[in-house]
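Chemist: Following the hints, complete the assembly by docking chain H onto the known chain P.
So the protein sequences, as listed, match chains P and H. Residue numbering for the first sequence follows the numbering used here, beginning at 560 and increasing consecutively. Residue numbering for the second sequence follows the numbering used here, beginning at 560 and increasing consecutively.
Treat the hints with care, as some may be off.
Remember, identical chains collapse to one label, so a pair may be satisfied in a single copy or spanning two.
As the list claims (entries may be wrong) - Restricting the straight-line Cα-Cα distance to at most 20 angstroms, the calculated cross-link-like pairs of lysine to aspartate or glutamate (DMTMM-like) are:
#1 694 / 572
#2 963 / 702
#3 769 / 796
#4 563 / 655
#5 614 / 675
#6 824 / 882
#7 614 / 655
#8 734 / 947
#9 614 / 831
#10 772 / 983
#11 962 / 676
#12 694 / 903
#13 772 / 869
Note that these hints are calculated values from the structure, not bench results.
Number of protein chains: 2
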Amino acid sequence: MAQKPSVPRGTRDFSPAEMLRRNYIFDIIRRTFSIYGYLPLETPAMENLSTLLGKYGEEGDRLIFRILNSGDFLSGLEPSALAGADSASLASRFSEKGLRYDLTVPFARYVVQHRDEISFPFRRYQIQPVWRADKPQKGRYREFFQCDADVIGSDSLLNEFELIRIIDRVFSELKINVLINVNNRKILAGIAATAGAGDRITDITVAIDKLEKLGSEGVRQELLQRGITPDVIRRLDPFLSLRGSAEEKMTGLKREIAASQEGLKGISEMEELFSYLGMEPSQARVELDLSLARGLNYYTGTIIEVKAADMAIGSICGGGRYDDLTGIFGLPGVSGVGVSFGADRIYDVMLHLGLFPEQTGASTEALVINFGRDELPEQIKITAALREAGIATELFPDAVRLKKQFSYADAQHIPLVIIAGSEEIKASQATVRNMKTGKQTTVSLSALPEFISEAKNR
Amino acid sequence: MAQKPSVPRGTRDFSPAEMLRRNYIFDIIRRTFSIYGYLPLETPAMENLSTLLGKYGEEGDRLIFRILNSGDFLSGLEPSALAGADSASLASRFSEKGLRYDLTVPFARYVVQHRDEISFPFRRYQIQPVWRADKPQKGRYREFFQCDADVIGSDSLLNEFELIRIIDRVFSELKINVLINVNNRKILAGIAATAGAGDRITDITVAIDKLEKLGSEGVRQELLQRGITPDVIRRLDPFLSLRGSAEEKMTGLKREIAASQEGLKGISEMEELFSYLGMEPSQARVELDLSLARGLNYYTGTIIEVKAADMAIGSICGGGRYDDLTGIFGLPGVSGVGVSFGADRIYDVMLHLGLFPEQTGASTEALVINFGRDELPEQIKITAALREAGIATELFPDAVRLKKQFSYADAQHIPLVIIAGSEEIKASQATVRNMKTGKQTTVSLSALPEFISEAKNR
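In isolation and in its complexed conformation, chain P is listed as follows (with noise of 0.2 angstroms):
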């Protein structure tokens, strides 16, 4: 026989049994961003190259899939063009489009694209796979899925606290326990520039974001590392040793980075921000975690991060405020904030922790037996009956021996399994056999559709 065919390395198959799965967390967010406003928006897989490159930094660059132009794409190209080329610069001849990379650079280009018929503050969401040839590895895939929630053309930090909201409306509805984690990142510059080196800003809060991880006085190990003078390393001590509620973190922040403007606009963000998180509590716990500097590159304001409480893996979600996403296409000027689900890692999570709720785990609810040609109306119409009612039934399509039908159903988790053979059908009646419990109840034939229904919602 032939070698089995595989799919290729980073990417998956989702199963009936992972989609049903995959769908209840798509639903939940899909349900909860709509609930908020949000509305669905989808872009091509293929993006033009001119879109993609030199968004994501030159390692990005290097991990976007290219499709080699169709066609005859040596055309043009003289042969000496090939024989002294490098990769890099022969695929810029070959490849034009590229494959989304992540879903924020495709919404920037659509805004900018779009801007004469679009209404703003524009909220959309957007759930779609995205690709990077990135080294596959546990949880690190190939293709993977994006849900992303963003409002464009907006400064009001309402946006931020309804995305707080949003985080913890999914996560307290698929009932994982989370800590969301809040900060600033004008805080972050105004703290550089009080220790005497706001040009140094990435340095300081790369090795900042390491405190839980390492500790004080291995951070500073680390800014050493990173050529930060002793001075300044001095002059960050007392950030690293705030503690307390977001309030008095504030409170203590407020005096010692009093001389940056741009650091007390940070702070005094937070503090609208705590403020409408007051007004409305969520069942999370909200920090604000100075230590958190993600996404410095393109995050202008807020930043947020979401971990789980009860599993070690790392964010599971994440966003921030970005003030020139479309400039890069030519319209400056508009600020945006966003946040992003990653629902491989969701889950993970749940797997890991057994939150999937049973009835995901089969769609099928009820399977009818067939008994043959001599039966086949009856069942036929008994089947009819049930999808009437909204089950999701399945008439087994071979008459063949019982055992083989209710292994089928066994295999397949279908819960239910009408017996409707000629004795019962003289009686108008079926046998409903529950797969789990073994258990058999006589019912009859118009009362069928009902007590399946029920037995269903039990």
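Modeler: Same frame as chain P, now just chain H:
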């Protein structure tokens, strides 16, 4: 200003308004598949070229989008290999993966790869985009969606019957009047054999397929042009003139092709299928159309085609039985049957005939006016209460002029606007403005969610 960015030729963005309409179609198709016991499956956008190539004919191979190997794809290639190469042979050195061209081949690959985990008969549905490097034109895209349901591992014609029931239910829920035409490849083979040209089945059926367009005389000319001898054409004559119901046609056919075992098998299959259709009649007319000859490369039994009755747009759904789909991947002898809904054409039909329900145009149901800081706590409360009641609600994020907030509601087709300024709040009331009629109603804050829910369902 820079040039507006755009999407690659033949691809599309789906705006929120389009997404809501598309999801209306997808939801009905998905729900129907599920009620009939089909389970969701998804496969990766990329497949190995070894999976894709050679499955769609020479033309198909040419239309597959290929993905450039990541990293240094030139490594191991001699410069001399580059200099003299043509596009096709070079492509195979640079590229090991391609984008999914349809959903059927990935499904066959999945079944073979996972055959030890699958219980047969395996019913799956799959709704995903596919990509083809076709020349874009009106109604033909390089990225488009297919909605497939297939059952594999059962010969029973009950499967065909149920797929026709699915077609009938989907289009009746979408309110599209359709004609469902069926035929059987074995009958076509029987006709060709009876006419003495069994080896010319493709030429004969391609010509007969034009009966509706060209009439009997036109078909005779077409057959002549294809090199079919006048003798054979004369013997085809009785088939071209068969009229009447499926039963009448089959009675006539049985007489004409009595000598073809294969042809008689085809007729008996169709008789069985029509007997099932008699047990549970469909809303749409199901006809035996002897000129239906689609997919002859792979269909081996039943052939199904669906056309909109009220708009000339070609086939909007089609399918059939294939006896050896998984054979190409090393698992022979497994019969399958499936149908595929063409989402893009269905969308066009619905738009053209005005069949989308009005509410698919907007998903956000209420906008709460933002009066600024002082009233904000109350407005956050109102917004939260509406969302709690399942009403998709926006709180305008900025306290800008009322006029601007109303224009936004208008542009976004948000039907209801909630006005709760300081006066209203003092009286524990809000004013609800119906944006369509302009009618304003004063409602107590506690009754607001119920009022909006009722207004929404009216």
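Chemist: Determine for every hint whether it applies to the structure shown.
Modeler: Going down the list of hints, with the structure as the test:
1. 694 / 572: within (18 angstroms within a copy, 30 angstroms between copies)
2. 963 / 702: Answer is neither: 38 angstroms inside a copy and 42 angstroms across each miss the 20 angstroms cutoff.
3. 769 / 796: within (14 angstroms within a copy, 84 angstroms between copies)
4. 563 / 655: Between. Shortest inter-copy distance 17 angstroms satisfies the 20 angstroms Cα cut-off; intra-copy 34 angstroms does not.
5. 614 / 675: neither (24 angstroms within a copy, 44 angstroms between copies)
6. 824 / 882: within (15 angstroms within a copy, 69 angstroms between copies)
7. 614 / 655: within (16 angstroms within a copy, 26 angstroms between copies)
8. 734 / 947: between (33 angstroms within a copy, 17 angstroms between copies)
9. 614 / 831: neither (31 angstroms within a copy, 60 angstroms between copies)
10. 772 / 983: Classified as neither: same-chain Cα gap 68 angstroms, cross-chain 52 angstroms, threshold 20 angstroms.
11. 962 / 676: between (61 angstroms within a copy, 19 angstroms between copies)
12. 694 / 903: within (17 angstroms within a copy, 36 angstroms between copies)
13. 772 / 869: within (17 angstroms within a copy, 67 angstroms between copies)
Going down the numbered hints, you'll see the structure goes against 2, 5, 9, 10, while the others check out.
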